[in-house]
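Kindly produce the complete structure, drawing on both the sequences and the hints.
So the chains spell out like this:
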Amino acid sequence: MDRKIRVALPSKGRLRDSSLDTVKKMGVHLNESGRAYIVEDAKGDFEFVFARTFDIPLYVHYGAADLGITGYDVILEREVDVYELLDLNFGKCSLVVAIPENSEISSVKSLSRTPRVATEYPNITRKYFESLGKQAEILAVRGTAELAPRLGLAEIIVDVSETGKTLKENGLKVIDKILDSSCRLICNRISYRVFEKKINGIVERIGRMP
Amino acid sequence: MFKFQDRDGKILALRAEMTTPIARIVTTKMGSRPKPLRLFYICNVFRYNRSYFENLREFHQAGVELIGCSKLEADGEVIALLLFSAEKIGLEKVRIDLGHAGLLREILNTMRLGESEKEIFQKILKSRNTAKIDKFTEDFGISPQLKDLLLRLLNCKKLEDLQSISLNPKLAKIQRFLSELLEVNDILSDYGVEEDVFFDFSLTRKIEYYTGVVFEASIPNVGLPLGGGGRYDNLMEKFNGQKLPATGFAIEVEKCLWALKNQGFDVSKRGEPKVLIKSMSRSAGVEALKFLRNAGITCLLNFDEQEKGDVIEYAKQLGVNYVVFVGSSLEKSLEIYDINLGSAKKSRLQSFIKSMEASEGG
Chain A
1 MDRKIRVALP SKGRLRDSSL DTVKKMGVHL NESGRAYIVE DAKGDFEFVF
51 ARTFDIPLYV HYGAADLGIT GYDVILEREV DVYELLDLNF GKCSLVVAIP
101 ENSEISSVKS LSRTPRVATE YPNITRKYFE SLGKQAEILA VRGTAELAPR
151 LGLAEIIVDV SETGKTLKEN GLKVIDKILD SSCRLICNRI SYRVFEKKIN
201 GIVERIGRMP
Chain B
1 MFKFQDRDGK ILALRAEMTT PIARIVTTKM GSRPKPLRLF YICNVFRYNR
51 SYFENLREFH QAGVELIGCS KLEADGEVIA LLLFSAEKIG LEKVRIDLGH
101 AGLLREILNT MRLGESEKEI FQKILKSRNT AKIDKFTEDF GISPQLKDLL
151 LRLLNCKKLE DLQSISLNPK LAKIQRFLSE LLEVNDILSD YGVEEDVFFD
201 FSLTRKIEYY TGVVFEASIP NVGLPLGGGG RYDNLMEKFN GQKLPATGFA
251 IEVEKCLWAL KNQGFDVSKR GEPKVLIKSM SRSAGVEALK FLRNAGITCL
301 LNFDEQEKGD VIEYAKQLGV NYVVFVGSSL EKSLEIYDIN LGSAKKSRLQ
351 SFIKSMEASE GG
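Chains as they are written, first to last, in this note's numbering: chain A, 1 to 210; chain B, 1 to 362.
Watch out, some of these pointers could steer you wrong.
Straight-line Cα separation of at most 30 Å, DSBU-like style, residue types lysine-lysine; simulated pairs [to be verified]:
hint, chain 1, residue 1, chain 2, residue 2
1, B, K332, A, K177
2, B, K157, B, K123
3, A, K197, B, K93
4, B, K132, A, K198
5, B, K158, B, K126
6, B, K158, B, K3
7, A, K25, B, K135
8, B, K118, A, K92
9, A, K24, B, K123
Hints were generated in silico from the structure; no laboratory data involved.
Here's what the structure looks like:
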């Protein structure tokens with residue numbers, strides 16, 4: 001195949017910067033262009049699309065992008081079937097269960113059998129509570145789940161936490177950790193077959209770097 | 001799976017695939033038919049999971065089952081038929097990636113892994129992350145010989161590459177699976193399709209009933225497999241206790257349409273030519289309709305439009321290929337307007353039918 005390999009990268013914040021570092025490790029020089037959504041590399045071998053981290057697993061699953069960099073948490077949440085080629089060891093965070101600091105409850109076991117939970121991760125949350133034998137009522141929110149307890153929307157949230165600072169500022173405490181996450185290099189299953197040599201080369205180059 | 005409760009409390013479910021319902025019919029209703037059976041279907045199925053094409057809950061599968069034959073010739077036949085069918089519907093550059101459920105299972109058993117470890121290791125194999133494979137084999141004390149075999153199998157891209165692997169007699173069962181795969185390759189080259197078939201040791205299909213050769217079909221620029229299949233020798237006995245080996249494949253119709261579109265194929269332009277008939281006299285119009293239908297041509301009568309221009313405009317909207325203007329009788333030659341050429345000519349119905357047959361053949 002002689003078309004460009006399309007790579008989906010996080011469009012915002014620190015994940016964008018770290019992903020661009022990874023792209024440098026691949027030995028690829030981006031034609032920097034500020035805010036453009038689609039950028040080519042200098043040699044014309046690659047095409048980079050900038051997208052929301054939550055959308056990247058879907059892009060890769062359907063082959064709209066051949067490769068993608070996004071968090072393990074959103075890969076699981078989107079329930080996609082993609083190859084996970086590398087742990088990139090940045091964007092580390094945990095997905096945790098948190099409740100108001102002043103609550104008497106200290107473990108998830110003591111939560112009601114039908115807890116009401118606000119989260120950006122409805123699928124992971126549903127499965128997690130099912131594994132505990134609880135049927136959660138899930139309020140799927142975008143961003144700022146930590147506001148939900150204060151507004152009386154839900155007592156419980158499932159959200160990502162890097163340092164625990166944001167949770168603390170919102171008067172919340174962690175009562176369980178569901179999983180640890182970090183950014184991964186993922187690949188569409190068919191694209192892997194088509195570009196096997198090139199992709200293995202990329203994985204080796206990134207893997208070799210500290 | 002979609003499940004409902006009947007009024008008397010019985011559980012009802014919508015089929016999620018066709019192989020299991022076919023296995024039920026074959027074991028309970030077709031027991032006396034001569035084997036092997038060769039069956040096909042084009043059917044709607046229903047799934048609730050989200051990771052299929054465009055999140056449709058209902059989609060269509062077209063597939064075949066070859067039941068009652070354990071020979072590798074049967075595996076070769078269905079794989080070749082899958083490639084042939086894909087080509088027939090107009091797909092290009094179709095490739096098959098092929099693995100062996102028995103081989104993978106046997107190797108995992110030889111590694112003496114627990115069920116959850118097997119699952120983890122299969123994921124690692126699939127990701128082809130050699131650093132992870134190194135770490136896993138070290139952590140679980142896998143022998144260097146076995147690890148070497150794993151890496152060599154992963155590196156085999158074509159079935160013929162498996163020739164280079166020879167194992168010590170302790171691993172005879174694994175060796176037997178390898179020679180099976182080599183024989184499949186020979187069968188595929190008899191069909192002339194071995195170039196399109198690739199070996200993928202880590203390939204596992206989602207359904208657990210597979211026992212032997214498994215495969216998946218894909219094209220380069222479409223990110224999801226179009227379909228696949230494999231050998232399932234233990235499914236039938238679940239229905240009536242009798243062993244009945246089988247293999248088959250299914251391809252997803254909607255995904256194939258997507259793939260065709262992706263390869264620049266205009267699906268709507270395909271199909272038999274269609275004809276709109278406009279007649280001055282009702283009886284002559286009906287006669288023309290019968291005549292064309294008898295020749296196997298799809299046609300319909302126009303009543304509403306009066307002006308010739310309006311009739312042609314309507315025909316364009318319908319997407320028919322020709323308009324036949326009939327006068328007072330079929331005895332005279334008719335005016336036949338070709339929508340694609342945008343011009344008309346005089347012709348008798350018989351010669352019109354002949355010319356359509358000729359252009360179809362070409």
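Verify the proposed pairing of K157 (chain B) with K123 (chain B), using a straight-line Cα cut of 30 Å. Measuring from Cα to Cα gives roughly 19 Å; hence the hint holds.
Take a quick look at whether K158 (chain B) and K3 (chain B) sit within 30 Å of each other, Cα to Cα. violated, 42 Å
For the pair we were handed, K25 (chain A) and K135 (chain B), check the Cα-Cα distance against 30 Å. holds, 24 Å
Mind checking the alpha carbons of K132 (chain B) and K198 (chain A) for me, to see if they're no more than 30 Å apart? OK: K132 (chain B) and K198 (chain A) at ~20 Å, within 30 Å.
Mind checking the alpha carbons of K197 (chain A) and K93 (chain B) for me, to see if they're no more than 30 Å apart? holds, 19 Å
Agreement of K24 (chain A) and K123 (chain B) with the hint, judged by alpha carbon distance not exceeding 30 Å: It holds: about 28 Å lies between the C-alpha atoms, which stays within 30 Å.
Under the criterion that the straight-line Cα-Cα distance not exceed 30 Å, is the pair K118 (chain B), K92 (chain A) satisfied? holds, 27 Å
Is the Cα-Cα distance between K332 (chain B) and K177 (chain A) 30 Å or less? Violated: K332 (chain B) and K177 (chain A) sit about 86 Å apart, past 30 Å.
Within 30 Å, alpha carbon to alpha carbon, are K158 (chain B) and K126 (chain B)? holds, 17 Å
Hint check: violations occur at hints 1 and 6; the rest are consistent with the structure.
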